[in-house]
Amino acid sequence: MARDDRAEKALERARADLDKGLKRQDLALVLDGLVKLPSAQRAPVLAQAAQLLADHVAERHRAGDWAALRALAAKAVLEPGLTATLPTPQQRDEVRWSLLWGCLRSPDPPRAAALLELLQPALADAPRLQEILAALAIPGGTLPEALARRIPVATADPRLGQQVIRARLPETPAPVTAQAAPHAVLTLCASSPFHAFAADAARWLDTTDPALRIPLAHTAGRLAARELLLRIQAKHQNLAEPARLLAQCALHDESLIPDVVTAVRAVASLLAGGPVTELGHLQALSALWLALVRTPPWDAHVVDLLVPLTATTAMAPFLYAVSSQVFDQCPHPALWAKALRLWHAGNEVRSTVGPELLQRFSAIRGGITALADHLAHAPMETLRGTLIPMTDLMPVRQMEQLLEALWACGGDVVHTELANAVRALRDRVSTEGFAPKGGWKSLAQRDCFQALALDDDEDAPPDLDDITDWMALGLTRAHIQEAMALADAVRFGELEVPAELQMRARWTERLAPLNAEWLLDAVEDAADGVAALALVDRFLAGRKSATAYVTGFAALDQGGFVPQRNHVMERMLVLHGHDLNLLSRLLQSAVLDGGDLYEQRRLAEAVLQGVERLPAPLSPALKRAVALARRVLPKPKKPKAPPKPKKPPKGQQVLPLGASPPTEPAPKRRGRPKKKAPTQQGTP
Amino acid sequence: MSSPFSVLELQPTLDAAAVKRAYYKQLGLHPPHSDPEGFRILRAAYEALSAPGALAAAYLNAPFNLAPALAAYEETLGAALATARAEAAQTATRSAAGTAAVETLSAMTLQQARDTLDGAGVTPPSQ
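In the order they appear, the protein sequences are chains A and B. The opening position of the first sequence corresponds to residue 1 in the working numbering, with each subsequent residue numbered one higher. The opening position of the second sequence corresponds to residue 1 in the working numbering, with each subsequent residue numbered one higher.
Bound conformation, chain A alone (with noise of 0.2 Å):
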């Protein structure tokens, strides 16, 4: 019932725009509410709206609207009616020869067909008109040329201008064999501007059969080639086309892969060394990379070539853009972790690519274990190129999945190397993760606090043009100097962040045997003298250097634990006793950052004795050795002479004849005092 009321409605606004168009003299919306009416209803106003429309062909053949002619030309092969009803057929058919030309000239094969057949009767007795207008409505056909000289062509006097004719060509067929493919490529290129034949040769590759795409790319791609440096040299802006079919040519043919390294070679070249500034250069070397990094080994070249490249501020986004299909299509992680080392390297220029490279983590193929496997197997140079940058940039939580999954497929070197990698993110955690109480004042604030307590000069003041920076931002003085406040308190210990305590839990175990700075660390946060041995104990297992009993000393120490300290200095002497050098070694420097008495004199005792035993003469390392020993121990103490016996009493001296009578004795001359050695005592 409401479909009824729905066409009820339609015909009933058809209708109107019958009548309205009628009275309007307005043909398009006689046309439109005519097609929509039913035939038993269009019948009685056919020969009004017949009349309208030739008039209006007329009017349009005269000024050679053909495009007006062939939209109207649907509405007359839609309704034969509009034609059949004119009162003569003269009338008839000159409508319909207008019509014709409507659908020849603005091609719409069919439509002229099917004009060309309601027109036979009006040529039967026109054969040479009959054959041309044969011709011209095949689809795509041209004139030939006999029949063409057949027209006389009016010569316009050249006084009132020369008319342009813009002859359409011919559509070069698509060829059907390889060995017409380079002839039809050819004349293709020679017959058309650039982008048409760029646009018609991709065709024929997408749509050809697959054994004629390398003939047709070959040629296809060599042109391109051509046509690029023939821009360069011409200063021509547009280079990504040329550009593109050659990218897309050398998909299909490997053999054009020099071709476009010497297209990027000659792109590049433009940018002499510089930042992109041209959207043109941008696109082209996109399109080409895009080609080569498909094709191993070119694949390492093109990150060589993308990662140091630099970008105006305005053409920047665009190299984002660049660098994300870039790395899309090659998503190797030895290609992904190559180039955040290079750009880890080359940051001085400030390359855009680094922090997109970061973005583009999760495209890994394989993921983030595909690239702990990777850095794993890698040289050191590239696991600690690649290690520090992402320290810094990658967002912790990646970071630390990252090290966990190389912790897990990495040996004792790696696993070495990722202490300091834990270290820096855990000093990264630590500032990131802490807020003061109340918050910050400003976001200036925190980045002021961040780059204050991740400093590496811990003792070097701030630079006075960072603090110039800073108050250009807004901070004032106080803002400043309670920054550097709470990164000397973060930096020292002693404000702890949360988030870096539980971080230091998850890794402490693993890594305080591998590390100096993790073992102080744990061993600092031992719960007993019992847990602080063991710690030692695995940091020692299979070390027997002196820094490694140094490092172990010192942590002991450092916790408190002496006697645990002393235990272990024992243990060594009896292990490592007869090892004069690393007793030597470990005393000087027991010595030197002034340990602890006992410490001291005990490595002391154990060189001397070592010394006496040693039959050959000393070393000059040796001597020095002995010489500090002997001053680092008490020196024993002279044994007591025996009593003198009494002087007799002066008046019973007896003095030998011509000896003068003893005088008062001199008082004793003072010397200088002798220099007193120095003795270092005490616990650090």
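Please note that a few of the clues may not be correct.
Claimed, not checked - So the derived label-pair ranges between C-beta atoms look like this:
1) A/Ala272 x B/Asp15: 19 to 29 Å
2) B/Gln11 x A/Ala234: 20 to 30 Å
3) B/Ala18 x A/Arg397: 41 to 51 Å
4) B/Ala44 x A/Leu575: 45 to 55 Å
5) A/Gly274 x B/Gly28: 35 to 45 Å
6) B/Ala44 x A/Pro617: 44 to 54 Å
7) B/Tyr24 x A/Pro296: 20 to 30 Å
8) A/Gln25 x B/Thr83: 50 to 60 Å
9) B/Arg85 x A/Val35: 41 to 51 Å
10) A/Ala234 x B/Thr83: 19 to 29 Å
11) A/Pro317 x B/Thr83: 15 to 25 Å
12) B/Ser6 x A/Ala621: 49 to 59 Å
13) A/Pro317 x B/Ser6: 33 to 43 Å
Source of the hints: derived by calculation from the structure; they are not laboratory data. Predicted, not measured: the structure shown is a model, and the values here were computed from it. From the three backbone atoms N, C-alpha and C, an ideal C-beta is built for every residue, glycine too.
Let chain A serve as the given structure and place chain B on it in line with the hints.
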């Protein structure tokens, strides 16, 4: 400062083995004991190309001579393209004549067209 490739007297390349060969060749000409300055320059150029990723970067930054590259393309494509252009020009001339004829015919009425082509006074063209 000259390109490392030019110091090694080598065309810009991405072939690391070629760089090494060129270095050893030049090393014979600039031995360190007799030409320390030449050796220093040579060594600096070699190291500039040997660091990871440096070869490609130097290749990228090496001066690119457009003329020989274009000449190579002209040598292989120039003649064939000229022939194709000549053929296309002939086709365009023919096509232009056809287009002019079509424009003339389409501007006529049916009656004019019949009179022009098949009228009583029209002699059939020689085939």
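Here's how the hints hold up against the structure:
In this structure the hint that A/Ala272 and B/Asp15 lie 19 to 29 Å apart at CB holds, the actual value being about 24 Å. For B/Gln11 paired with A/Ala234, a C-beta distance near 25 Å keeps the hint of 20 to 30 Å intact. Evaluation of the 41 to 51 Å hint for B/Ala18 and A/Arg397 yields a pass: the beta carbon distance comes to about 46 Å. About 51 Å separates the C-beta atoms of B/Ala44 and A/Leu575, a value consistent with the hinted range of 45 to 55 Å.
Checking the proposed 35 to 45 Å range against A/Gly274 and B/Gly28 shows it holds: the Cβ atoms sit about 37 Å from each other. Between B/Ala44 and A/Pro617 the CB atoms are about 49 Å apart, so this pair conforms to the stated range of 44 to 54 Å. Taking 20 to 30 Å as the suggested C-beta distance range, the pair B/Tyr24 and A/Pro296 conforms, at roughly 28 Å. For the pair A/Gln25 and B/Thr83, the supplied restraint of 50 to 60 Å holds, since their beta-carbon distance comes to about 58 Å.
Checked against the hint of 41 to 51 Å, the C-beta distance between B/Arg85 and A/Val35 comes to roughly 49 Å, which is consistent with it. A hinted range of 19 to 29 Å for the beta carbons of A/Ala234 and B/Thr83 is consistent with their spacing of about 24 Å. A beta carbon spacing of about 46 Å between A/Pro317 and B/Thr83 contradicts the range 15 to 25 Å that was offered as a hint. A hinted range of 49 to 59 Å holds for the C-beta pair B/Ser6 and A/Ala621, which are about 53 Å apart.
The hint said 33 to 43 Å for the Cβ distance between A/Pro317 and B/Ser6, and at roughly 37 Å that hint holds.
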